Amino acid sequence: MFEFLYNLFGREKSGNVAKERLQLVLIHDRNDIAPEVMNKMRDEMISVIKKYLEIDEQRIEISFDREDRSVALVANIPLVNMQRPTRGRKAANGVKQQRRN
Amino acid sequence: MNCRIIVITSGKGGVGKTTTTANLAVALASLGYKTVAIDGDVGLRNLDVIMGLENRIVYTLVDIVEGSCRLNQALIRDKRLENLYLIPTAQSRTKDAVTAEQMLKLCTELRKDFDFVLVDSPAGIEAGFRNAASGADEALVVTTPEVSAVRDADRIIGLLESMGKAPIKLVINRIKPDMVKRGEMLGVQDVLDILAVDLIGIIPDDESIVVSSNKGEPLTLGSNSLAAQAYKNIAERITGKEVPLLDLFNQPHGFFSSLRQLFRKG
Chain Y
-9 MFEFLYNLFG REKSGNVAKE RLQLVLIHDR NDIAPEVMNK MRDEMISVIK KYLEIDEQRI
51 EISFDREDRS VALVANIPLV NMQRPTRGRK AANGVKQQRR N
Chain F
443 MNCRIIVITS GKGGVGKTTT TANLAVALAS LGYKTVAIDG DVGLRNLDVI MGLENRIVYT
503 LVDIVEGSCR LNQALIRDKR LENLYLIPTA QSRTKDAVTA EQMLKLCTEL RKDFDFVLVD
563 SPAGIEAGFR NAASGADEAL VVTTPEVSAV RDADRIIGLL ESMGKAPIKL VINRIKPDMV
623 KRGEMLGVQD VLDILAVDLI GIIPDDESIV VSSNKGEPLT LGSNSLAAQA YKNIAERITG
683 KEVPLLDLFN QPHGFFSSLR QLFRKG
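Which chain is which? The protein sequence lines are Y and F, in order. According to the working numbering, numbering within the first sequence proceeds without interruption in unit steps and concludes at 91. According to the working numbering, numbering within the second sequence proceeds without interruption in unit steps and concludes at 708.
Worth double-checking, as some hints may not be accurate.
[Claimed, not checked] Derived pair list, reagent style PhoX-like, types lysine-lysine, alpha-carbon separation capped at 25 Å:
1) Y:K3 to F:K618
2) F:K657 to F:K476
3) F:K476 to Y:K3
4) F:K611 to F:K454
[Unchecked claim] Quick list of the computed label-pair ranges, beta carbon to beta carbon:
5) Y:R49 to F:R679: 25 to 33 Å
6) F:K521 to Y:E26: 48 to 56 Å
7) F:R553 to Y:E26: 33 to 41 Å
8) F:K521 to Y:P25: 15 to 23 Å
9) Y:V15 to F:M621: 16 to 24 Å
10) Y:S53 to F:K554: 19 to 27 Å
11) F:N514 to Y:I52: 52 to 60 Å
12) F:D689 to Y:R11: 23 to 31 Å
13) F:E580 to Y:V64: 50 to 58 Å
14) Y:K3 to F:G509: 31 to 39 Å
15) Y:I52 to F:E626: 52 to 60 Å
16) F:P694 to Y:V27: 23 to 31 Å
Derived from the structure by calculation, the hints contain no laboratory data. Quick caveat, the model's predicted, so the values are computed rather than measured. Built from N, CA and C at the ideal position, the CB exists for glycine as well.
If we strip away everything but chain Y, and leave its shape as in the complex, we get (with noise of 0.2 Å):
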């Protein structure tokens, strides 16, 4: 009676949280890459964006975002010398770099 009551008040039964919680568990293991792999990704990256940019290799981050149930790959790569000496605008790694005179 107690159980029908509390059901009746909407407590999400044992099932579904148990389906929701493996969706979400699952989309972080399927996306796991061993560290060598990682590694391996980011050297022929690095390879690849050489070739048309000039980059600073050292400050180069890549991890995975993870949002509710979407994962993204965000490779935070960024460039030198691409700055114009006529307007102070954003270096592509998103810090604000001022001119100087």
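Starting from the known structure of chain Y, fit chain F onto it as the hints suggest.
The following block gives chain F in isolation, referenced to the frame of chain Y:
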């Protein structure tokens, strides 16, 4: 027919790999296919007791691969059923006693003589599992409707895919229909939504399974229980026959059906 080699695996331990291997081996042999079950769990020998063949062991899988005996000497023929054989494993050895190459070689050898080779894999994702799976073409993944088992099943499916096993089919074991109906257990569709893999059968949680392992008589040898039927259905589906899923959720309940069960078991 061409021999098919199937590894039965799960990632998580204790979800019913060995029981599934034993029952499917019996069911396939009953259908007339020459079948051998291999215990791939070196060091934790169990398939022999589940099949009730523990007193017949002289040589083991390890003896075969080390060349201490011929293949035929370690093959135990089940006297209860034509077409059914077991290759037991060694109890006093460790997982590295059989390498992936040795397993592959043995499976290739067995291909000549058998219709089905079922390999019971150890739990886990390490060398023991990889070695057991190395000779197999296909895989059956056993899970139960619990978060830990489903999570591990997902991991093992990923590994099996990367090893090139196909098809990979799912067995959902130990379903408690009453709990599913109440919404307190993952249902069949829930598990399929999560794992996105083909289902080959569902097995109810059934006391008869405990009884059968107590006696060393796989259910598919002659029990009338629902679980026995479930295993027989899976065996038929493996052979390519289309058999509808058992309706676990509308089974008769109450005094009279219990009474009937009692007499059926007798």
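For F:D689 and Y:R11, compare the CB-CB distance with the range 23 to 31 Å and indicate the outcome.
About 28 Å separates the Cβ atoms of F:D689 and Y:R11, which means 23 to 31 Å holds.
Pairwise beta carbon distance, Y:R49 to F:R679, judged against the given window 25 to 33 Å
Cβ of Y:R49 to Cβ of F:R679: about 56 Å, so the range 25 to 33 Å is violated.
Distance restraint between Y:K3 and F:K618, which requires alpha-carbon spacing of 25 Å or less
holds, 15 Å
Checking one constraint from the list: CA of F:K476 to CA of Y:K3, max 25 Å. Satisfied?
Given pair F:K476, Y:K3 is violated - Cα atoms ~46 Å apart, limit 25 Å.
Go ahead and decide if the range 48 to 56 Å is satisfied by the Cβ distance of F:K521 to Y:E26.
holds, 52 Å
Is it true that the C-beta distance of F:E580 to Y:V64 lies inside 50 to 58 Å, as the hint says?
violated, 39 Å
Quick check: does the Cβ-Cβ distance between F:N514 and Y:I52 fall within 52 to 60 Å?
holds, 56 Å
Range hint compliance [Cβ, Y:S53 to F:K554, 19 to 27 Å]:
violated, 52 Å
I want to verify a distance hint. Is the separation of the beta carbons of F:R553 and Y:E26 within 33 to 41 Å?
At roughly 36 Å between Cβ atoms, Y:E26 and F:R553 fall inside 33 to 41 Å, so the hint holds.
Does the Cβ-Cβ separation between F:K521 and Y:P25 fall within 15 to 23 Å?
violated, 53 Å
Taken at face value, is the distance from the CA of F:K454 to the CA of F:K611 at most 25 Å?
Distance of about 16 Å is within 25 Å: holds.
Is 52 to 60 Å respected by the C-beta to C-beta distance linking Y:I52 and F:E626?
For Y:I52 and F:E626 the Cβ distance comes to about 42 Å; the hint is violated.
The structure fails hints 3, 5, 8, 10, 13, 14, 15, 16 (numbered hints given earlier, in ascending order).
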